[in-house]
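Asks: Take a look at the letters that make up each chain.
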Amino acid sequence: MRKKTFRALLIAVMCIAAAANGYSQGSQEGSGSDASSESKKPVTLIFARSNDSPLTGIEEIFANFEKETGNSVEIQALPGGNDYETVIKTRFATNDFPDIMWYFPGTAQYDSLRAETNLVNITNEPFISTITDSMRRFQTRDEQIYGFPWGSFDTMGVIYRKDIFEKAGITIPGNYEEFLDACDTLLSMGIVPIVEGGKDGWPVQVFSLAGWETFVDPAIGPEGIAKLNRNEIKLTDIDELRDLYQRQIDLKKAGYLNENWLSTTYDMQQEAIGNGTAAMVIQGQWILPALREKFGDELISNLGMFPIPSDTDRGTAALYPPGQIVIPKNTKNTEAAMELARFMTRPESLEIWYAHNPGIPVYTTVGSDLMPPQQDMADFVASYKSEINIQGRLRAQWPEYDRIMQNVLIKEDADYGVEELSKKYIQDGKNKKIPGFDN
Amino acid sequence: MNSRKLSRIILETVLVLLAGAVFIPLLLILVNSFKDSREAALLNLALPTKFHLENYAYVIKKGNILRGFGNSILLSSMTVLTISITASMAAFLIQRSKEKIVKGMYYLFVVGLIMPVAIIPTIKLMMGLQVHNTYGGIVLYYTATLLPFSIFVLTGFMRSIPKELDESCLVDGCSYARLFFSIIFPLLKPAIVTVSIIVVLVVWNDFFGPFYLISDSKKWTVTLSIFNFANKFETNWALVFADIIIVISPVIILYIILQKHIIDGMTSGAIKG
Amino acid sequence: MSKGLKYPLYFLFPAAAIYLTFFIAPTLSSFYYSLTDWHIDVHEVTFIGFENYIRMFSEDVLLLALKNTLLLAVLVTLLQNLFGLLLALALNEKLKLTPILRAVFYMPQIICPLVIGYVFTALLNPEMGLVNMLLRAAGLDFLALDWLSDPDIAFFSIIATEVWRVTGFAMIIYLAGLQTIPSSIIEYAQIDGAGYWSRFRHITFPLIAPAVTINFLLSIINSLKVFEIVLVLTRGGPGYSTEVFNTYIMRHFGQGEYGYSTAVNVVLFFIISVIGLAVLSILRKREVDI
Numbered sequence: 001m002r003k004k005t006f007r008a009l010l011i012a013v014m015c016i017a018a019a020a021n022g023y024s025q026g027s028q029e030g031s032g033s034d035a036s037s038e039s040k041k042p043v044t045l046i047f048a049r050s051n052d053s054p055l056t057g058i059e060e061i062f063a064n065f066e067k068e069t070g071n072s073v074e075i076q077a078l079p080g081g082n083d084y085e086t087v088i089k090t091r092f093a094t095n096d097f098p099d100i101m102w103y104f105p106g107t108a109q110y111d112s113l114r115a116e117t118n119l120v121n122i123t124n125e126p127f128i129s130t131i132t133d134s135m136r137r138f139q140t141r142d143e144q145i146y147g148f149p150w151g152s153f154d155t156m157g158v159i160y161r162k163d164i165f166e167k168a169g170i171t172i173p174g175n176y177e178e179f180l181d182a183c184d185t186l187l188s189m190g191i192v193p194i195v196e197g198g199k200d201g202w203p204v205q206v207f208s209l210a211g212w213e214t215f216v217d218p219a220i221g222p223e224g225i226a227k228l229n230r231n232e233i234k235l236t237d238i239d240e241l242r243d244l245y246q247r248q249i250d251l252k253k254a255g256y257l258n259e260n261w262l263s264t265t266y267d268m269q270q271e272a273i274g275n276g277t278a279a280m281v282i283q284g285q286w287i288l289p290a291l292r293e294k295f296g297d298e299l300i301s302n303l304g305m306f307p308i309p310s311d312t313d314r315g316t317a318a319l320y321p322p323g324q325i326v327i328p329k330n331t332k333n334t335e336a337a338m339e340l341a342r343f344m345t346r347p348e349s350l351e352i353w354y355a356h357n358p359g360i361p362v363y364t365t366v367g368s369d370l371m372p373p374q375q376d377m378a379d380f381v382a383s384y385k386s387e388i389n390i391q392g393r394l395r396a397q398w399p400e401y402d403r404i405m406q407n408v409l410i411k412e413d414a415d416y417g418v419e420e421l422s423k424k425y426i427q428d429g430k431n432k433k434i435p436g437f438d439n
Numbered sequence: 001m002n003s004r005k006l007s008r009i010i011l012e013t014v015l016v017l018l019a020g021a022v023f024i025p026l027l028l029i030l031v032n033s034f035k036d037s038r039e040a041a042l043l044n045l046a047l048p049t050k051f052h053l054e055n056y057a058y059v060i061k062k063g064n065i066l067r068g069f070g071n072s073i074l075l076s077s078m079t080v081l082t083i084s085i086t087a088s089m090a091a092f093l094i095q096r097s098k099e100k101i102v103k104g105m106y107y108l109f110v111v112g113l114i115m116p117v118a119i120i121p122t123i124k125l126m127m128g129l130q131v132h133n134t135y136g137g138i139v140l141y142y143t144a145t146l147l148p149f150s151i152f153v154l155t156g157f158m159r160s161i162p163k164e165l166d167e168s169c170l171v172d173g174c175s176y177a178r179l180f181f182s183i184i185f186p187l188l189k190p191a192i193v194t195v196s197i198i199v200v201l202v203v204w205n206d207f208f209g210p211f212y213l214i215s216d217s218k219k220w221t222v223t224l225s226i227f228n229f230a231n232k233f234e235t236n237w238a239l240v241f242a243d244i245i246i247v248i249s250p251v252i253i254l255y256i257i258l259q260k261h262i263i264d265g266m267t268s269g270a271i272k273g
Numbered sequence: 001m002s003k004g005l006k007y008p009l010y011f012l013f014p015a016a017a018i019y020l021t022f023f024i025a026p027t028l029s030s031f032y033y034s035l036t037d038w039h040i041d042v043h044e045v046t047f048i049g050f051e052n053y054i055r056m057f058s059e060d061v062l063l064l065a066l067k068n069t070l071l072l073a074v075l076v077t078l079l080q081n082l083f084g085l086l087l088a089l090a091l092n093e094k095l096k097l098t099p100i101l102r103a104v105f106y107m108p109q110i111i112c113p114l115v116i117g118y119v120f121t122a123l124l125n126p127e128m129g130l131v132n133m134l135l136r137a138a139g140l141d142f143l144a145l146d147w148l149s150d151p152d153i154a155f156f157s158i159i160a161t162e163v164w165r166v167t168g169f170a171m172i173i174y175l176a177g178l179q180t181i182p183s184s185i186i187e188y189a190q191i192d193g194a195g196y197w198s199r200f201r202h203i204t205f206p207l208i209a210p211a212v213t214i215n216f217l218l219s220i221i222n223s224l225k226v227f228e229i230v231l232v233l234t235r236g237g238p239g240y241s242t243e244v245f246n247t248y249i250m251r252h253f254g255q256g257e258y259g260y261s262t263a264v265n266v267v268l269f270f271i272i273s274v275i276g277l278a279v280l281s282i283l284r285k286r287e288v289d290i
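Chains as they are written, first to last, in my numbering: chain Z, 1 to 439; chain U, 1 to 273; chain G, 1 to 290.
By construction, these hints were calculated from the structure, which means they are not laboratory data.
Where a beta carbon is used, it is the ideal one built from N, C-alpha and C, also for glycine.
Treat the hints loosely; a few may be bogus.
[What the hints assert, rightly or not] For the chain Z half of the interface with chain G, some residues (derived, Cβ under 7 Å), not all of them:
{"#": "1", "residue": "T132"}
{"#": "2", "residue": "K294"}
{"#": "3", "residue": "K432"}
[As the list claims (entries may be wrong)] Capping the alpha-carbon separation at 25 Å, the derived lysine-lysine pairs in DSS-like fashion look like this:
{"#": "4", "chain 1": "G", "residue 1": "K6", "chain 2": "U", "residue 2": "K124"}
{"#": "5", "chain 1": "Z", "residue 1": "K294", "chain 2": "U", "residue 2": "K61"}
{"#": "6", "chain 1": "U", "residue 1": "K163", "chain 2": "G", "residue 2": "K6"}
{"#": "7", "chain 1": "Z", "residue 1": "K385", "chain 2": "Z", "residue 2": "K227"}
{"#": "8", "chain 1": "U", "residue 1": "K61", "chain 2": "U", "residue 2": "K232"}
{"#": "9", "chain 1": "Z", "residue 1": "K67", "chain 2": "U", "residue 2": "K62"}
{"#": "10", "chain 1": "U", "residue 1": "K103", "chain 2": "U", "residue 2": "K5"}
{"#": "11", "chain 1": "U", "residue 1": "K100", "chain 2": "G", "residue 2": "K6"}
{"#": "12", "chain 1": "U", "residue 1": "K100", "chain 2": "Z", "residue 2": "K332"}
{"#": "13", "chain 1": "U", "residue 1": "K124", "chain 2": "Z", "residue 2": "K430"}
{"#": "14", "chain 1": "U", "residue 1": "K50", "chain 2": "Z", "residue 2": "K67"}
[Stated by the list, open to error] Now the stretches of chain G that chain U is said to cover, found in silico as 3 or more residues with beta-carbon under 8 Å:
{"#": "15", "region": "20 to 34"}
{"#": "16", "region": "40 to 53"}
{"#": "17", "region": "59 to 71"}
{"#": "18", "region": "167 to 181"}
{"#": "19", "region": "186 to 198"}
{"#": "20", "region": "235 to 242"}
{"#": "21", "region": "267 to 281"}
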């Protein structure tokens, strides 16, 4: 009897050891056998994306891919924003790669992902030649390309309801003064002029990100940006930035924002515009597909868009480049992932994407019907001034900018905002050991 | 005497009302998990006008619940196995031996009852040992963090096993290994059951560990899948609630069946300190 | 005979090996990492002395997190013990419903904090949440506040949620303590004509002093480690108004500041150790005094 117990225990211990061993090896062994029988057995590709990256349409493309090749794609939704960057970088550091993934825009990302060692070089893929010239230049560094663009240039600015503007007798403001007048008129009619989404935090940053190009860029010029990148001037030195924050605070003080702005989510921002309780929202064009899904084309054709106006003119459009898709080099499914990449960039796949996510395509093989607000901004950009979003032009980042801006509005303190942002920016440059930031 | 009776009735009423305050939130998720998204958005306690069982089907499909269950069951059972063996062996020696090194180690374990985990260096260590993102790695992490509690409870229980038992067995010529595995270990069973239940609950409910240590979503536990699911569908309360109900129901059922064990287990771990 | 027994050390090996490797070693190495500039984007880690610690003093948010964490620990500990003790005293009256009520009050303890966070997000929703609906139905509209988004209130909503979650635990410990008191002692006191309060003050309370000690210690330590509830309810916001240590550490870890966030974790470690030991020694002393 006793012997039996002892033996049972021993077996149990051995099982744990075997199991632990099996599990740690399992994945590697699996990869070995899969690699040898490559395309014979259908594989399941892991497509990693951040929760907040665009998804509509992509599932349909993946379903078609599965129909054609037998290979299925599992979408792995990871936490969005900064968290996504961390998760991906951590996984890269441990050689734990997804098969294919969405990532933030720009060639600066080639550094952080260590593209030469980790990513498939797609410079010579045939589909690269179908990317528009300007976009291809945007993806190229040292004549090499490691990621293909996915989506379109979004602009940030003021999205408004045409019917409400018409009823109030408001036209697109020609300068900031007129913008404030418009808010005033709307307020007196009992309509919320601007719906702000303070609960989620990030919507609060859009005003200053879209306003930077209008107010700060003309003041400091390209030279100012270069100096910021070398840490030769401080963000606290830029009075126009402080003024910009003050403008946002003044919007709140004047009652132009919804009273419950602090408990309003991004989702509720959409509701307010969709239901017409608010006339304007300061957002990026990424809000449009969600609005269309909820309220249909009827609402979309009722919307228009304009940049944040300056004191003297209609302002500058802030452009937000599309993200990119990259393929890690050393996974067991690299070949199948490349197959998926080629499939995704076929005209018929791109058509599905742009049908769900209208925008100016970054591929020449496909057209797209722009939604009215996008058309507004496209016309504006074509005939007027535009500039890439400031965060895309700086090497060091602005960590926790959403929190800072939330606090700026809560405390109604522009100085706090500039100082806190400057501190975070310098700390980030220092952390990344960018020259000029080290002391 | 009558006033005493009255005060008892008042007391019972108050307590039942308070119990309601505990129950209502749980009732709220249950009721709303069957509604459609618009009805659930009202977040009230009214019964659903129509029972939408498809919420559950959708959640099971989209939330990767089954995979999460598999992972949670695997991780908790493997942790239970490693803990019950290593902790009971250690408790046996700690309670019996008088050697300084053993006592010293015991204090080190006790300190672990209080200390917070140094999570970032743990990740680094796991990467170095190539067990990051493996089931084995996270089992070792849970074993390490739950050993203090388990050894604590088991050492307390060891005191009730008479030392004479050891002596008579050893006199009969059996080895220490035999003594432990065939005599002591079976006698520790009640305490091991207690410890195991707590270990299962902790591993099942833990968010902190897997949040930092498992980046591969195929290995996510149910708790992590709730977090991910809720982030994705935060505006659809009906789905989030259905997800929550599925994930917590095994724990609730376990609690209803083993209520006495669980409560006693939690108490014994605490009281003996 | 028993003195001659020499228990072999190998019984300790498996547990010690796992514990030392996966718990003690990371803890010790965190002291070293906290003195480096370890960052996700930097391939070479350099020793920078106490720079991370010096930086903490200029981080207003960390100081706020420190203040919040301590305030939360104190308030949760006091309320949890007050309510837990009251419930335990009530349930100790041998009511018919005692076993069921005991199980119900303990239940929040077995549900994962993350889920409780989501449930309370729903309950505390300013427009639809049950809490505000009940308040409005009772005509207390002015009390129907924005529980989680108002920077002045959100922190107290977190404390209330946490108290709801942990009170059952304190109750169980007190109940176990109360049940060790022989009923004969209470009966004697009753015959002597001692009132309820006086019986409690002079007999019951001193006898459950060990339960008080353990409850206070555990509450304080666990509240200092609070994480999931804050993460789900407010993410430390709005602004930074509900930031606590663990959300602060998580955020800086998320930004890849491994060296710095490890340093903050070391500070949390010391605070927990010092407060834990202090509470223990104070309460132990009182146990003797009473």
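Asks: If a hint holds in the structure, say so; if it does not, say that too.
Replies: Evaluated hints:
| no. | hint | verdict |
| --- | --- | --- |
| 1 | T132 | 31 Å, violated |
| 2 | K294 | 18 Å, violated |
| 3 | K432 | 5 Å, holds |
| 4 | G/K6 with U/K124 | 39 Å, violated |
| 5 | Z/K294 with U/K61 | 23 Å, holds |
| 6 | U/K163 with G/K6 | 13 Å, holds |
| 7 | Z/K385 with Z/K227 | 22 Å, holds |
| 8 | U/K61 with U/K232 | 14 Å, holds |
| 9 | Z/K67 with U/K62 | 20 Å, holds |
| 10 | U/K103 with U/K5 | 54 Å, violated |
| 11 | U/K100 with G/K6 | 13 Å, holds |
| 12 | U/K100 with Z/K332 | 52 Å, violated |
| 13 | U/K124 with Z/K430 | 22 Å, holds |
| 14 | U/K50 with Z/K67 | 36 Å, violated |
| 15 | 20 to 34 | holds (count 10) |
| 16 | 40 to 53 | violated (count 0) |
| 17 | 59 to 71 | violated (count 0) |
| 18 | 167 to 181 | holds (count 6) |
| 19 | 186 to 198 | violated (count 0) |
| 20 | 235 to 242 | violated (count 0) |
| 21 | 267 to 281 | holds (count 5) |
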